[in-house]
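Chains as they are written, first to last, in our numbering: chain A, 1 to 65; chain B, 1001 to 1291.
You may find that some hints are simply not true.
To be verified - Derived DSSO-like pairs (lysine-lysine); straight-line CA-CA distance at most 27 Å:
#, chain 1, residue 1, chain 2, residue 2
1, B, K1005, A, K54
2, B, K1005, B, K1027
3, A, K23, B, K1005
4, A, K54, B, K1084
5, B, K1101, B, K1119
6, A, K24, A, K9
7, A, K13, A, K54
8, B, K1084, B, K1106
9, A, K24, A, K13
Claimed, not checked - With the Cβ distance kept under 7 Å, some of the chain B side facing chain A (calculated, not the full set):
#, residue
10, G1044
11, E1195
12, A1199
13, S1204
14, S1217
15, A1220
16, T1222
17, I1223
18, K1226
19, L1228
20, N1230
21, E1233
22, T1234
Everything labelled a hint here was simulated from the structure, so no lab data went into it.
Just so we're clear, the structure is a prediction, and the values are computed from it rather than from any experiment.
Here a beta-carbon is modelled for each residue, glycine too, at the ideal position from N, C-alpha and C.
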Amino acid sequence: MKIAYRDNKWEMKGGSTARAAIKKVGLDPEAVLVVRNGQLVTDDTVLQEGDEIKLIAVISGGTGG
Amino acid sequence: MRQHKLSLCREHFLEWFVSHTDRVIEKYGMFGHEERILVAVSGGKDSLALWDVLLRLGYQVQGLYIDLGIGDEGYSEQSKEMVKSFAERREGASFRIADVKATYGKSVLELALERPGRKTCSLCGLVKRHIMNREAYEGGFAAVATGHNLDDEAAVLLQNTLRWQTGYLARQAPVLPSTHPHLSRKVKPFVRFYERDTAAYTLSRGIDYIYEECPYSKGATTIFYKELLNQLETRSRGARQQFYLSFLQARESEGLFQGTRAQVELHECAECGQPTSAPELCAFCRLWEEK
Chain A
1 MKIAYRDNKW EMKGGSTARA AIKKVGLDPE AVLVVRNGQL VTDDTVLQEG DEIKLIAVIS
61 GGTGG
Chain B
1001 MRQHKLSLCR EHFLEWFVSH TDRVIEKYGM FGHEERILVA VSGGKDSLAL WDVLLRLGYQ
1061 VQGLYIDLGI GDEGYSEQSK EMVKSFAERR EGASFRIADV KATYGKSVLE LALERPGRKT
1121 CSLCGLVKRH IMNREAYEGG FAAVATGHNL DDEAAVLLQN TLRWQTGYLA RQAPVLPSTH
1181 PHLSRKVKPF VRFYERDTAA YTLSRGIDYI YEECPYSKGA TTIFYKELLN QLETRSRGAR
1241 QQFYLSFLQA RESEGLFQGT RAQVELHECA ECGQPTSAPE LCAFCRLWEE K
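Chain B on its own, in the form it takes in the complex:
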């Protein structure tokens, strides 16, 4: 791990990875052992690794798998099987399934087909965020933990910086606090790890995960920005880490984007009760109302 100037054998790498996660959780005040945490698990390497690490650290966690109904190449079925398989092998691992089609009548793909002008990833993200928040609130969980890593955060940061999306730049952080009784805290315990680190952890632990990307992620902008950052990293070791961490530090110390950090006024959606800044219905409920 050249960005950490660290070279470890398998045994010590696994120990370091788990203990470093705990340090990150503590450093950013993400959650405590007395709180129940909902872990969003997709069957991919990051989320299964996160679930594994949090269980090893003794946190009270439950997994949440969202079945998006992506039938292409059996993607949703395969990813669900990875989650089930992990839970069967891992003592103490319990999870719930939120089935989008069974609950709302349409899969994410069917929603996307009705809206050819809107990217599938965008719809998918909206649906997942809504369901994660609802499950956390209704289940009495203190926070939702996702497997986002430093590569993910740096790619989003680069994209938002290139477009000067100051609203997003003001809010991007390892912890998104709860600003409404029905809005759950969102945390990213892997935010200091490179994607290579989490992949290496998952492989070294022998955790089986879905290797294939979502069939609708081809051409996704996140992947494009990650590839750009990889090129930068090759020329300047640690650049990706420095870009992200220095941004967080500078935003705090220099008071960047203070004006755009004024709290957005939230009220409860007239349909589902989830917090929204839009009048009447939230963006999620509008999806089902529009067609």
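Just chain A, with the same shape it has in the complex:
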């Protein structure tokens, strides 16, 4: 499966939860949401081979609100 976060991309095997995958790529699960194949999913979702995962940053701190 492919995981994308901003300009970063990773490939890994399916079968782990989204939360585990987030930690594996070095991110904080509290700081991102998971979009799998265009759908928002919870972080306990088990990701599959072939999934396209996009991680969306949650934390904001600039003028965006």
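Chain B: place on chain A using the hints.
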């Protein structure tokens, strides 16, 4: 949403989010349906979500977009386009634009470059607060609503607590009442939501927003404190919520910071007429006078 001990499907999450916002508005006496509310919209997830929810709840709202003139990476142009796009797609969504450079002659960035010793975020905040208040007062709005969420409030609370900024600790609240005829009420209807909740709402509704952070927010202390609180939340689910809500409760029930809650005497700025505690000119007008 582990902090609420709640697990919902998409459909019920969207319903819950809207109805919970209405309960928060009522709980804190923020505003009523008979009042006109100015919603500060930046093109980010929280403010667009707030605008969307308030429209769904039938409140009389108008958006206010402040063009700060941040040209780096086309930030201001992109964020303005997000606001325009939302309004075009959303029935009943109207908004006004306050252009800092067009109105005052300089963008926030140009102001910041003239003051290398002062953080850009600090200047930006001062400019936005002044403009929001002026627009609300001149436009006859009862209150200004911003998309601040519980993560924002908890981060500010942590920062102020670590420095024992008792003046700020005395005043931080979901509602800042009007204490002067030219000072608008300020409300935060999303104050009980985690940032994840508002992000999930915005994504689930298909609302397009600007993902990139302001190019001048890198290293912002707010983000640092949010990251610290995230670590705490991972170890102790609900800790962030408890920290903030227990603070509000304890401040009221224990009478904390009573001495610093004495009302600050305000008078009208000699230049713009907006309320200020400083002699003669307010901090905003001094910005334009200094250089």
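Okay, the hints, checked on the actual structure:
1. B:K1005 <-> A:K54: holds, 26 Å
2. B:K1005 <-> B:K1027: holds, 21 Å
3. A:K23 <-> B:K1005: Distance of about 23 Å is within 27 Å: holds.
4. A:K54 <-> B:K1084: holds, 26 Å
5. B:K1101 <-> B:K1119: holds, 19 Å
6. A:K24 <-> A:K9: holds, 13 Å
7. A:K13 <-> A:K54: holds, 15 Å
8. B:K1084 <-> B:K1106: Measuring from Cα to Cα gives roughly 23 Å; hence the hint holds.
9. A:K24 <-> A:K13: This hinted pair holds, its Cα atoms lying about 12 Å apart.
10. G1044: holds, 3 Å
11. E1195: holds, 5 Å
12. A1199: holds, 5 Å
13. S1204: Hint on S1204 (chain B): holds, closest Cβ of chain A at ~6 Å, below 7 Å.
14. S1217: Holds - the Cβ of S1217 (chain B) comes within 7 Å of chain A, reaching about 3 Å at its closest.
15. A1220: holds, 4 Å
16. T1222: This interface hint holds because 4 Å falls under the 7 Å limit.
17. I1223: Given a least distance of 4 Å, the restraint on I1223 (chain B) holds.
18. K1226: holds, 5 Å
19. L1228: violated, 11 Å
20. N1230: This interface hint holds because 4 Å falls under the 7 Å limit.
21. E1233: holds, 6 Å
22. T1234: holds, 6 Å
The structure fails to meet hint 19 from the earlier list, while all remaining hints are met.
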